[in-house]
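Let chain A serve as the given structure and place chains B and C on it in line with the hints.
The lines below spell out each chain.
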Amino acid sequence: MIVLDTGAILPRRGGIFGALSDAFWRHPKLLVFLMLTPPVLWFGIIYLGSLLALLLQSFYSLDEFSGLVVPEFTLSTYAQLFRPSNFDIIVRTVLMAAAVTLASGIVAFPIAYMAARYAKGKWKALFYLGVMLPLWSSYLVKVYAWKLILAKEGILNWVFESLRLTPLLDAFLSIPVIGGNSLSVSYTGTFLVFLYIWLPYMILPTQAALERVPVNLIDASGDLGATPFQTFWHVIFPLALPGLVAGSIFTFSLTLGDYIIPNIVGSSRQIIGQAVYAQQGSAGNIPLAAAFTVVPIVIMGLYLWMAKRLGAFDAL
Amino acid sequence: MSSETRAPWPLKLASAAGLAFLLVPLLIIFVYAFTTEERSFVWPPPGLTLKWFAVAWGRTDLWSALTLSVQVASISTLIALILGTLCAAAVSQTQFFGRETISLLVILPIALPGIITGMALRSAFSIADIPFSFWTIVLGHATFCVVVVYNNAVARFRRTSGSLIEASMDLGADGFQTFRHVILPNIGTALLAGGMLAFALSFDEVIVTTFTAGQQQTLPLWMLEELIRPRQRPVTNVVAMVVVLVTTLPMLLAFYLTRDGDQIAGSGK
Amino acid sequence: MTSAVSLQQVSRHFGPIRAMDAVDLEIAPGEFFAMLGPSGSGKTTCLRVIAGFEQPTAGHIEIFGETAEGVPPYRRNVNTVFQDYALFPHLNVLDNVAYSLMLRKVDKAERHRQAEDALAMVKLSGYGARRPGQLSGGQRQRVALARAIVNRPKVLLLDEPLGALDLKLRESMQEELKSLQRSLGITFIFVTHDQGEALSMADRVAVFSDGKVMQVGTPEEIYNRPNSRFVADFVGSSNLLPPDFTATITGQRAWASLRPEAIHITPSDGAAMQGRVTARSFMGSTVRLGLYVNGASLHAVVPASGNSANVDDMVGVLFAPEALHLMERET
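Chains as they are written, first to last, in the numbering used here: chain A, 7 to 322; chain B, 582 to 850; chain C, -2 to 328.
Hints are not guaranteed to be accurate.
Unchecked claim - Pairwise CB distance ranges, derived in the manner of DEER restraints:
#1 B:G639 - C:D104: 34 to 44 Å
#2 A:S288 - B:A709: 48 to 58 Å
#3 B:V612 - A:T172: 15 to 25 Å
#4 A:K126 - B:Q796: 22 to 32 Å
#5 C:F11 - A:R19: 25 to 35 Å
#6 B:S621 - A:E78: 49 to 59 Å
#7 B:L608 - C:F11: 33 to 43 Å
#8 A:T172 - B:G769: 13 to 23 Å
#9 B:T682 - A:K126: 34 to 44 Å
#10 C:G160 - A:I51: 45 to 55 Å
#11 C:S133 - B:R761: 28 to 38 Å
#12 A:F23 - B:A709: 32 to 42 Å
#13 A:F23 - B:G769: 13 to 23 Å
Unchecked claim - Taking lysine-lysine pairs in the DSSO-like style, the calculated list, with each CA pair at most 30 Å apart, reads:
#14 C:K209 - C:K151
#15 B:K593 - A:K126
#16 A:K153 - B:K593
#17 C:K175 - C:K209
#18 B:K593 - A:K130
#19 C:K120 - A:K35
#20 C:K165 - C:K175
#21 C:K120 - C:K102
If you're looking for bench data, these hints aren't it; they were derived computationally from the structure. For clarity, every value in this text was computed on a predicted model and none was experimentally measured. Every residue, glycine too, gets a C-beta built ideally from N, C-alpha and C.
The shape of chain A in the complex, shown without the other chains:
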């Protein structure tokens, strides 16, 4: 081994890198500040700036005659939201979001429960891929797949026909509101596609919450004489609730803000997303589109506030 006969303190390193490195060591906060500056500027200017612009636009109005945006403060654009035709859109969207959220909770729970508590090894991987593949597959392709399934000459009709159950489907489609000419132009179709596309967002947090439930808690409950149903209702469900609520935030908010699914699979009656797209595009009414966009933000704010009040985050 070569004994390096150097002093206890090595000489200062030359160059800009040496000087910078010394400066960062002497002032660690300087480095953090420099690292944070680009992302904070990006998000501050581009993202928060855009959200402010959105808010600003929603207080402007459209001049009906010239079709130009009048950049003056007014509440008239918000007042338009309460016109019956527009207000119907909002109510319809919220009802759809609620139905989708409830259904995803019901469909997701057994999958999450099975994956969290019983699946091992190969099966665990299958459950993982079963959730992740649809999550990461192209959104449009998933919608397209459902168009193939729900179309008049498509798979679902074929299945009903093969099982000689077509009259049943026809009877279902003749029900007002949820029925229609075919599944692909009915609310039921829109609902099914929403359910399919947002389902992984419900499964993942629910599964994560269930995985944190200690097994001995379930045993203890059984020990104390609870039936499996009581154990489920009094032990497992409350502990899984934070996961379900987290999932519901996704499903609810994503449904509120989508416009492509009802455009491709659904009836002609609009939901909020479609209204936004139509107003900013062909109608050229950016203020009204902005005001419509504020609606899901407000609804989600209320939703989070209620979830908090109900104690859904306490267990997190």
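Chains B and C alone, transformed into the frame defined by chain A:
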């Protein structure tokens, strides 16, 4: 696990049905890519053929959409990698006031529905009089891609103990040498995973893009056009299948790269 | 002669917390020095200040006569063995050890040869190709040691070097660290909360409490003549005698310490000082007795042979007045 290791059959049935509901529609895409039927979505396919692959290959509009998508996704991923890594490094480096706010800010663009991000950008472009271009698309995409890089990098930084950096400095490496020889090799795979997921996210995005693109047509916008006003359905079928492959492979790879210990790779979406 | 490390009135404050408060220390070249104290006493902060990971809020530091404040860790010829070893997971053992040589641009063959030599010194020859993850805790510790000594630093800092090892490994490692230090001639400074470790390994010990150095001395001095109640209490199983008790024997009112081995038991008849046995535990060659004497609780360690005192017996208690060590400090 406890005494009850076997799942009750109703649970098995319900979860199996749920999984089938999730996976069957994806499989259908693969069948339709080979159908001989041109006009409708008839099932079962009257015959199978490979000819639509050749037709799709020859479509120039498809190629230009694909090129644009790849360009947008590449640049957005690059920006997201830089911003996400910086942010993750700063957040994991020290306790500072407002780190929760930073995490929230980064997650917001993807947590809020696409029309909000899209409409917000659209409003800003309108107020600032910025014409739509390639860069307006990138601006939106990079913003919501940061979060996947950030999530992956933060998880890895948390696992990389702070004493590694001190050990490196102790042994004579200055800040830059430490970054090159210790930090980068340790977060490399996490960045690769985050970058691939960001790429997949951008490659597939449609809602924000509809608000930030002018005449440009990315691949998802091309698909959307075909879904609303179909021109040649079998070509759409072929594209759909290829897109499923392209978007799920990065996710599988990212899962493989981060499988030991990090959070589930895709949960950032 | 210049000290290897000299701290003059060094303080390190984290907001209102005084992790180090006006610490003075002189550590001689070639010394095996221990910094002993409970957790939160400032000993680790002191080590980190010497390494350069923390910057002092006030005070002056010299390493071999050269001013060290304002000098980053990578310019100090001081290396550290970390408590969690901090081995680079992406490098194999050989490259971990050769890391500092790689930074000094030593060519590959030469740095691998030197790294092999360092590994041989810690008895890990042939482990070079393994990943840190494939090693046991004791082996990782040796790699960390080899990595820290490979380029012969002026001072080696060890943070709780034996803390994570099991008892048996700890004992053999104590021996090895001692002999390694002797053969290298490097100043070793190690931090520990285990007084047995500090006393058996170190040439000198500094006892820390609340960010201050309470006492610096050889293990014998610390053990036999603690200068304060804190040191007496923390360092050993010494008896602490309150001022009232001491006054009756020496006439001086001060806290005093008394080693358990210094107490002898006699028959109670005619003894000047009597006590009641409150506890008795058999330790093999010795017996440990709890005694209640003149309002004070004491314990004594006496030879097992010929001592048949039982609990609640009255016995005579005898010790030489010189064995009573009066303490300078109040606390």
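Between the alpha carbons of K593 of chain B and K130 of chain A, is the straight-line distance 30 Å or under? OK: K593 of chain B and K130 of chain A at ~13 Å, within 30 Å.
Just tell me: holds or violated, for the beta carbon distance of F23 of chain A and G769 of chain B against 13 to 23 Å? Roughly 21 Å apart at Cβ, these two residues keep to the hinted range, so it holds.
Falls inside 32 to 42 Å, the C-beta gap from F23 of chain A to A709 of chain B? Given range 32 to 42 Å: holds, Cβ gap about 38 Å.
Whether the CB-CB distance between L608 of chain B and F11 of chain C falls inside 33 to 43 Å: Given range 33 to 43 Å: violated, Cβ gap about 59 Å.
Does 22 to 32 Å hold as the CB distance between K126 of chain A and Q796 of chain B, or does it fail? 53 Å, violated
Between S133 of chain C and R761 of chain B, does the C-beta distance stay in 28 to 38 Å? Hint holds: Cβ distance 30 Å, inside 28 to 38 Å.
Hint consistency between K593 of chain B and K126 of chain A [alpha-carbon to alpha-carbon, up to 30 Å]: 14 Å, holds
Holds or violated: are the alpha carbons of K120 of chain C and K35 of chain A at most 30 Å from each other? With Cα atoms ~42 Å apart, K120 of chain C and K35 of chain A exceed 30 Å; violated.
With the threshold set at 30 Å, check whether the alpha-carbon distance from K209 of chain C to K151 of chain C stays at or below it. 25 Å, holds
Starting from K165 of chain C, check that the Cα of K175 of chain C is at most 30 Å away, please. 16 Å, holds
Given the proposed pairing of K153 of chain A with K593 of chain B, does the C-alpha separation stay at or below 30 Å? 29 Å, holds
For a C-alpha distance cap of 30 Å, please report whether K175 of chain C and K209 of chain C respect it. Given that 30 Å is the threshold and the Cα spacing comes to 27 Å, the pair holds.
Going through the hint list in order, the structure does not satisfy hints 1, 2, 4, 7, 8, 19.
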